[in-house]
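Trainee: Okay, here's what each chain looks like letter by letter:
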Amino acid sequence: MIGVGRRWGHAAAGVLSVVYLVPLAWIVITSLKSDDQIRGAPNALAFTPTLDVFREVLDVGGGAIVTSLRLAGFTTLLVIGVGVPAAYALSRLASPGWRRLVTIAMGVLLVLQMVPQPMAVIPLFSILARWKLVGTLPGVVLADVSLLLPFAILLLRPFVLSIPGAIFEAAELDGTNGWQRFRYVVLPLSANGIATVGSIVFILAWGEFIYATTFLTEQTRLPVSGLLAQQINLYSVSWNRMMALAVLTSLPLLAVFLLAQKRLVQGLSVGAVK
Amino acid sequence: MLTTATASSGSGSRSPVRLAVTRFTQQPWGYLLPAVIILGALAVFPLIQLARMSLSEVGPRTIVGPWEFIGWSNFRKAFGDRIFWQSVRATGTFTLVLLVVDLVVGYLGAAVLSSGTWSTNLALRIMVFVWALPPIVSGSVWRFLLAGNGAINSLLGLVGMESVDWLSSPDRALLSVSLVAAWASLPFSILVIHGGLLSLPTDVIEAARIDGAGFWGLSRHIVLPILRPTLAVLTVLIILYAFRSFDFVYVMTEGGPGTVTTTLPYFAYNTAFKTYQFGVASALAMVSMLVVIVLAVPYMLGLRKEHAG
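So the protein lines, in turn, are chains A and B. Each residue of the first sequence is one higher than the one before, counting from 1 in the numbering used here. Each residue of the second sequence is one higher than the one before, counting from 1 in the numbering used here.
Calculated from the structure, these hints are not laboratory results. A hint or two may mislead.
[Said to hold, decoys possible] As a list, the in silico SDA-like pairs of lysine to any residue whose alpha-carbon atoms are at most 20 Å apart: (1) B:274 to A:117; (2) B:77 to B:104; (3) A:132 to B:61; (4) B:274 to A:97; (5) B:274 to A:234; (6) B:274 to B:254; (7) A:132 to B:254; (8) A:132 to B:77; (9) A:132 to B:60; (10) B:274 to B:121; (11) B:274 to A:134; (12) B:274 to A:217; (13) A:132 to B:86; (14) B:77 to B:273; (15) A:132 to B:66; (16) B:274 to B:293; (17) B:274 to B:38; (18) B:274 to A:187; (19) B:274 to A:56; (20) A:132 to B:63; (21) A:132 to B:38; (22) B:274 to A:138; (23) A:132 to B:64.
Because the structure is a prediction, the values reported are computed rather than measured.
In isolation and in its complexed conformation, chain B is listed as follows:
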């Protein structure tokens, strides 16, 4: 299973040979030390600092300290901000669009592409390439395609329709950006579900097919239940992806028009680097971190369960 290879190796290597070997292995500490130092200083320490900053008064002049402890005041300021609640809603919408597109279209796409012909293999390859593109690249081409004088609108013009403000209308911008992000992450979903479909027990499928099950019956009663652990992990991954979805907002709309497409990560970043309220920004980041941590637990449990089952 593609997604689980990283975590599965944790418990799956207790062969007698390996155990016999490991008894003689020298202390592995030395090999781990450089990584511990670097990650300690640049990944773990920043998280501690982030927590401290969220409880302190940190402005542009005091970015390196000393920080004055001010309790929950940054959080109060953040929660009292209208834009905060708007960004929570925007993040929610963004996540929802990603989930619907990536899971529903992802499943249908993977099912339809699982016939394994030259054309489906080619389509998968193209999609994977697009998925691997830096988000700033795919974001900027969509900014052009959806611009007022962009290709989508001139295509609409060719068939006699009026052009649409994809990115500049407050009603439509969030949906447009969300759909582009969904477009960019869909290949991953299809790839993961495709992998799951390939590992289905063929005899069960055949038996159900002989009993007269069509695509929908097969999906509902056999395929989806078997794929449930995979889909659960995928769901968590999509939500996490949505929570780091900064790039598409940054490139396509810069949070606008107004603050319509300002998602939580974008709001936190702007609060830090546009208005230099590092303390409030840290509080916003801590709120997002909480979501990540809440999701990290079922993710890891899901990985373990999928590996066991």
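Same shape as in the complex, but just chain A:
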């Protein structure tokens, strides 16, 4: 398009695909190897695939998947439950005063979204300890919510804003109140956006490990991502186990990517900072 021929395009696409596909393939290939194969020839390409290590990981860490499901599920519910009304409030410019407040709120949300997580974890630990929530799942859920809510509101707002004003006008002429307009106009018409943002929040919460490993002190309570992070603390890393956990940590992303790839990409790009 800007003076680069198709042949260059094909070549670059080929190179980049290899550079990005090989590590992906390596995760899957390694996760299908047995302990003996890993010890003998960890990089062999010819081997008999086995699900042994998955079976073992699920035996030992089956609870981890339940933990991940609960963490990501509750986080998503809370973020959407709080974020959608907030996005609605920040989209309806009721008065000049409110409009100013919206500008300020948007600025605050952008800054909050930029706070590095390894920094936020320090005061959060103190606050959650004060509330006796360190070592509990609700503590991690709250931390995850605070991490993802600013991002979710910023992502949701354009979806609410894109609802044509005429629809609101019509709803008002019909004598609806604010709640009814939220319930019967905003929710159905931004359902796509809510689904998109909900899946992104779920994926991010599922892959989150800093809060999980810092706040959940007992290893038995860790989610899948936390178990993966813990692998590095082991005296000798067993690569097949690590890669099996990596596969499990990527599962929601894979599912959403296969089902709704385009929307996911758009949503993630809008979030920019992530």
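Given chain A's structure and the hints, the job is docking chain B onto it.
Mentor: Chain B in isolation, oriented as in the chain A frame:
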């Protein structure tokens, strides 16, 4: 423009219809309140606490308080630490590698991939998937690929070269981790620049092409100047990304060998949760926060300008 959609909607919605509607809209406070409470308690309040902790003596026993005010002593302790300055340098190197790879390779990649054939679309899809992977996943596979007995070294062995200590050599570990982080964030750069390239005015490009401009001339005199606001925002985003780059260090090298790959976020985290000096760690975090705030201003201005222009 992909990156700006979040901020652009702030001022762009003053249609007459919308204004007429909003006059009748009920008070929106109630809808915002839950978010204000949660973010107030778990996002804004922590920042205030962080500032207080950075000026107080906070150890493992006093993590919930009461905190004794000790002035700037935590900052003095942090600035007096050799590892602090080393972590600043490591963060600088890390950021620089990310910027060079993401902007230069990002631009070239986006330009080459903009031909829009099946192969370039497929490559973009694969890259976006990798970018969306949890960093701990991409970090751990590279830890394996770059390990002493990993695939990269056995590939080198196949062509008769000696294996390389990618992650365990003090001279090379930081570069290796930085390059992996660049690998993981490059898709985002390409995606953003790709979006910018698609919105270029085709008539201008065509005219320049007829005048005999090649790829480099076109880039230098037309494309890059037009893309400048996008690239400015992208630059800030990359620097911010580098400042949260904890995950790759954590998974791949744990800050080592020695403290070679200890970046500022990793150092702050370790000071808090390995040595339990929460006060000093907070001071370190405040220094990083300062960088974030300094960058947040041009970021928001850049977003606004790009939207206006």
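Trainee: Would the pair residue 77 of chain B and residue 104 of chain B pass a check requiring their Cα atoms to be no farther apart than 20 Å?
Mentor: Since the Cα atoms of residue 77 of chain B and residue 104 of chain B sit roughly 38 Å apart, the hinted pair is violated (cutoff 20 Å).
Trainee: Would the hint linking residue 132 of chain A and residue 61 of chain B be met if the CA-CA limit is 20 Å?
Mentor: Answer holds: residue 132 of chain A to residue 61 of chain B is near 14 Å, not above 20 Å.
Trainee: Take a quick look at whether residue 274 of chain B and residue 56 of chain A sit within 20 Å of each other, Cα to Cα.
Mentor: violated (30 Å)
Trainee: Checking one constraint from the list: CA of residue 274 of chain B to CA of residue 134 of chain A, max 20 Å. Satisfied?
Mentor: holds (16 Å)
Trainee: Measure nothing beyond the straight line between the CA atoms of residue 274 of chain B and residue 117 of chain A; if it is 20 Å or shorter, mark the hint as holding.
Mentor: holds (17 Å)
Trainee: Under the criterion that the straight-line Cα-Cα distance not exceed 20 Å, is the pair residue 132 of chain A, residue 254 of chain B satisfied?
Mentor: Violated: residue 132 of chain A and residue 254 of chain B sit about 29 Å apart, past 20 Å.
Trainee: With the threshold set at 20 Å, check whether the alpha-carbon distance from residue 274 of chain B to residue 187 of chain A stays at or below it.
Mentor: violated (46 Å)
Trainee: Below or equal to 20 Å on CA atoms is what counts here, so check residue 274 of chain B against residue 234 of chain A.
Mentor: Answer holds: residue 274 of chain B to residue 234 of chain A is near 16 Å, not above 20 Å.
Trainee: Quickly compare the C-alpha distance for residue 132 of chain A and residue 60 of chain B to 20 Å and report which way the hint goes.
Mentor: holds (15 Å)
Trainee: Given the hinted pair residue 274 of chain B and residue 121 of chain B, is their alpha-carbon gap at most 20 Å?
Mentor: Violated. Residue 274 of chain B to residue 121 of chain B sits at ~45 Å, over the 20 Å cutoff.
Trainee: Would the hint linking residue 274 of chain B and residue 97 of chain A be met if the CA-CA limit is 20 Å?
Mentor: Roughly 47 Å between the alpha carbons, so the hint for residue 274 of chain B and residue 97 of chain A is violated.
Trainee: Below or equal to 20 Å on CA atoms is what counts here, so check residue 132 of chain A against residue 64 of chain B.
Mentor: Judged against 20 Å, a Cα distance of about 10 Å means the pair holds.
The earlier numbered hints that this structure contradicts are 2, 4, 7, 8, 10, 13, 16, 17, 18, 19, 22.
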